[in-house]
Amino acid sequence: MVTAPEPVDNDISDIKVDNVGDFTFPERNKFDSGFGVTEKTIDYISDVKGDPDWIREFRKKALKVFLDKPMPTHWATKDLENIKFDEFRYYLSDGQKPKRSWDDVPEDVKKTFDRLGIPEQERKFLAGVEAQYDSEAAYSNIKAAVAEQGVIFVNSSEGLKEHPEIFKKWFGKVIPTGDNKFSALNSAVFSGGSFIYVPPGVKVKHPLQAYFRINSEQFGQFERTLIIADEGAEVMYMEGCTAPKFETATLHSAVVELVALKGAKIQYVTVQNWSSNVFNLVTKRGIAHEDAVVKWIDCNIGSRLTMKYPGVIMKGKRARGEVISIALANSGQHQDTGAKMVHAADDTTSNVISKSISIGQGRATYRGLVHIPKHLKGCKNNTECDALLINTNSRTDTYPAISVRGNQHSTQHEASVSQVSADQIFYLMQRGLSEAEAMSLSVNGFINDLAKEFPMEYSVELKRLIDLEMEGSVG
Amino acid sequence: MPTLAPVPQTSSMPSEAAPVAAPPAGLEIIAPARETSAAPAWFLEKSAAAWSNFQSLPVPGLKDEAWRYSNAKKIALSTYQPAAAANEHIEAEAVAASSGLAETAARFVFVNDRLVVAETDRLPAGVICLPFEEALQSQAALLQQHFMQREMTLGSAKFAALHLAHVRAGLVILVPKGIAIEQPIEIFHWIAAEHAAIFPHTLIVTEDNADVTVVDHYRTWKAETGLSLAVADLVAGKGSRIRYIACQELGEKAQAMHLSSTVTARDAQVKNFQVQLGAEFSRSESVSDLLGEGSHSDMLSVALPTGDQIVDQRTLQNHKAPHATSNLLYKNALYGKSRSIFSGLITVDKEAHFTDAYQTCRNLLNSDEAEATSLPGLEINADQVKCSHGATSGPISDEELFYLKARGITDGESRKLIVEGFLADALAKLGNGPIADMVVSRIHEKLILAV
Chain A
11 MVTAPEPVDN
21 DISDIKVDNV
31 GDFTFPERNK
41 FDSGFGVTEK
51 TIDYISDVKG
61 DPDWIREFRK
71 KALKVFLDKP
81 MPTHWATKDL
91 ENIKFDEFRY
101 YLSDGQKPKR
111 SWDDVPEDVK
121 KTFDRLGIPE
131 QERKFLAGVE
141 AQYDSEAAYS
151 NIKAAVAEQG
161 VIFVNSSEGL
171 KEHPEIFKKW
181 FGKVIPTGDN
191 KFSALNSAVF
201 SGGSFIYVPP
211 GVKVKHPLQA
221 YFRINSEQFG
231 QFERTLIIAD
241 EGAEVMYMEG
251 CTAPKFETAT
261 LHSAVVELVA
271 LKGAKIQYVT
281 VQNWSSNVFN
291 LVTKRGIAHE
301 DAVVKWIDCN
311 IGSRLTMKYP
321 GVIMKGKRAR
331 GEVISIALAN
341 SGQHQDTGAK
351 MVHAADDTTS
361 NVISKSISIG
371 QGRATYRGLV
381 HIPKHLKGCK
391 NNTECDALLI
401 NTNSRTDTYP
411 AISVRGNQHS
421 TQHEASVSQV
431 SADQIFYLMQ
441 RGLSEAEAMS
451 LSVNGFINDL
461 AKEFPMEYSV
471 ELKRLIDLEM
481 EGSVG
Chain B
33 MPTLAPVPQT
43 SSMPSEAAPV
53 AAPPAGLEII
63 APARETSAAP
73 AWFLEKSAAA
83 WSNFQSLPVP
93 GLKDEAWRYS
103 NAKKIALSTY
113 QPAAAANEHI
123 EAEAVAASSG
133 LAETAARFVF
143 VNDRLVVAET
153 DRLPAGVICL
163 PFEEALQSQA
173 ALLQQHFMQR
183 EMTLGSAKFA
193 ALHLAHVRAG
203 LVILVPKGIA
213 IEQPIEIFHW
223 IAAEHAAIFP
233 HTLIVTEDNA
243 DVTVVDHYRT
253 WKAETGLSLA
263 VADLVAGKGS
273 RIRYIACQEL
283 GEKAQAMHLS
293 STVTARDAQV
303 KNFQVQLGAE
313 FSRSESVSDL
323 LGEGSHSDML
333 SVALPTGDQI
343 VDQRTLQNHK
353 APHATSNLLY
363 KNALYGKSRS
373 IFSGLITVDK
383 EAHFTDAYQT
393 CRNLLNSDEA
403 EATSLPGLEI
413 NADQVKCSHG
423 ATSGPISDEE
433 LFYLKARGIT
443 DGESRKLIVE
453 GFLADALAKL
463 GNGPIADMVV
473 SRIHEKLILA
483 V
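Chains A and B, in that order, are what the protein sequence lines are.
Residue numbering for the first sequence follows this note's numbering, starting at 11 and increasing by one per position.
Residue numbering for the second sequence follows this note's numbering, starting at 33 and increasing by one per position.
It should be emphasised that the hints constitute simulated quantities derived from the structure, not laboratory data.
Among these hints, one or two may not hold up.
Claimed, not checked - Only pairs whose alpha carbons sit at most 25 Å apart, straight line, appear in this in silico BS3-like list of lysine-lysine:
(1) A:Lys88 to B:Lys95
(2) B:Lys254 to A:Lys79
(3) B:Lys95 to A:Lys74
(4) A:Lys88 to B:Lys382
(5) A:Lys384 to B:Lys382
These figures come from a predicted structure and were not determined experimentally.
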């Protein structure tokens, strides 16, 4: 059995803020699974969370898969070899249930999320918000009007306990445990994340939002998100992610499963701003049934290594999958991102637009998959990748794979690599801008058409983050 | 395990090239017969090392990135033996069937890797144009400098080693400084026995400002099966120009591998054009190393797979010098249950600023069961570059068909015209002239059967 440690003071006087927008907060964990992951870790997490038996078994089977499965080898970056799985803590919690009122949230957590603008966002336009701090939700709320429509928006632990009939039906069905080594790890130690169910025909007018924060050093965060939009339903979900900069590496390995049933529409917006030593290895996939739409809008800033390829399986006729992504790789960072589009029914369409910016010695990679198997007709895919290189040592790679069978489909893939033209910078500087400002404006111009796809607040945040990353990158 | 007697390199009494119903042993275990050859010691050593290398290298598997979507086991080495010389009657028939260009500067015909025709009297003075075995004797320095010096990075190191172990046919061409050979050099390689394997090699070296065009034909004569494992080394000196066309028309049960490497010095220009019409499984690997500033490489291909044919294409545009340009255009028109796999990569080194590189692969799917896979890639390490790639696949558009049919052209003829139009921009890179006419007519012949 788990023995809860003595509570610690919630003193926030030792909050540190450094000069590049990073800030750290003291840890105040009651539950800590310790370093490394074994069956004991699983039991510890299951005990603390009060998991039902099937989840405990599910976790243990996943652990075995994780331990047995080799790292991605022939194509993946060698930096993966630097992940020391035994040096991470896999579960940390303050042992408190998520607060429904912002006033009840502990001061230090509140201060963290205040800085990230969560309450302000919620007051303005969100239908619901969840703020997660290390492994567990710190605050979770949904507007009464949305709840009355039958929309469920809780963290995954609550979803599992309170809505097992829906949760169990879809959990692990879009991304099976053995999909890859990191999805297996997540399946073993997952905690936190969101569970959303939108009943048939309900169109959630305002976005639902979650904010994830890694607050502790040498911590692995493994949230698990499951969103189900029932027939004809519509929902937009937005997530933001941050982590302060620690001396040691941090691991974030999420699994996100989306299910858009007939005629439903799910938009999933991510703006992540991890610190530069986070290994960010995420598996995201959606299933779109007949006439359904799954759209991923993804912005990757920060992290040491991001490997993330949001995918859509278009299972029903006329389903649509879309990935809009922006990646910014600064020195010491590798943004290995992309998209997977699997057409599995007639007349399905997919669209991928990816833009990347490499600054300093940063490396941005696009890795894509488009698959149109036999016996289908009328499928279409369009993929566009543009890479911008800012400095001499920047690097960019593009590795798409497009497989099409049959003469009733159309696919097109285009990728280009360019740099900000000297003429453009000169033109802007002639009008009084500094070189850095001119470069920042040019970069923002490069991503402008995609930034418009983000909700306004996120679009503004995105531009600010890009300005921040561009500081000192020119000259 | 049965072993075969060594195959003589040249024989005054060619053996009957009767079909071998069930070969007793394949290439996997038949060591090359170098002990009977008059090849120099350095080459015999190199060849023996290659044989040892071949035996130790594993057959690439589906998990090897360079063989993704393909299968090296399709090249059934165990079913092939090094081709034995055909009889004179068969050789004469093959020579008579060697229809290609009307006018050539030199013309060679090899049947089962044995030189049958060598016409060189129209070559300008000073040009070296020798059968491979003869060059081994007299051009050791040239061969030691350029023969298979490039590392095989696109997945076929094992097959390249096999080629090196067995090579005995092909041409070695050196065009001295400033000499332009106006007419093309044409070479025919025939497989004229079932289960026979040939290992043709083409080495073209141009010195400063020289100019040459070479056409290699790979064909089968009255044989359904066969393996052509060919290698072409193209080495272009400063300001020189090489146009190389490999036209593969092997029988539909044959297998073909064509490994080519291009090296360009300052301001050199090389055109490497692959025509893939025959073979059950054909794999081409083309590497272009742009080593000199201002150099240019064109990598072109047209393929027309039908039935169960598989066309596997791997390319690398390797920019190592600034201000160099490369342009790749691969066009595949697929019929039946055929498959195409294109995997191409543009790499730009840190120093290769002002690179201008393009890569385009377009697939026209003419049947409901044809399958096209495209893996275009970019790896860019310099910032002052213009690089892009594009890959498309799609059917003939209904509007285009309607337009032609509304003008009284039959459905079949309309489709043929559209496919010819689809291939036209790649073929246009051959320019107007007898080579373009020859390639177009070969495509046209196959297209009539396909449509």
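Okay, the hints, checked on the actual structure:
1. A:Lys88 to B:Lys95: holds, 18 Å
2. B:Lys254 to A:Lys79: violated, 51 Å
3. B:Lys95 to A:Lys74: holds, 23 Å
4. A:Lys88 to B:Lys382: holds, 20 Å
5. A:Lys384 to B:Lys382: violated, 42 Å
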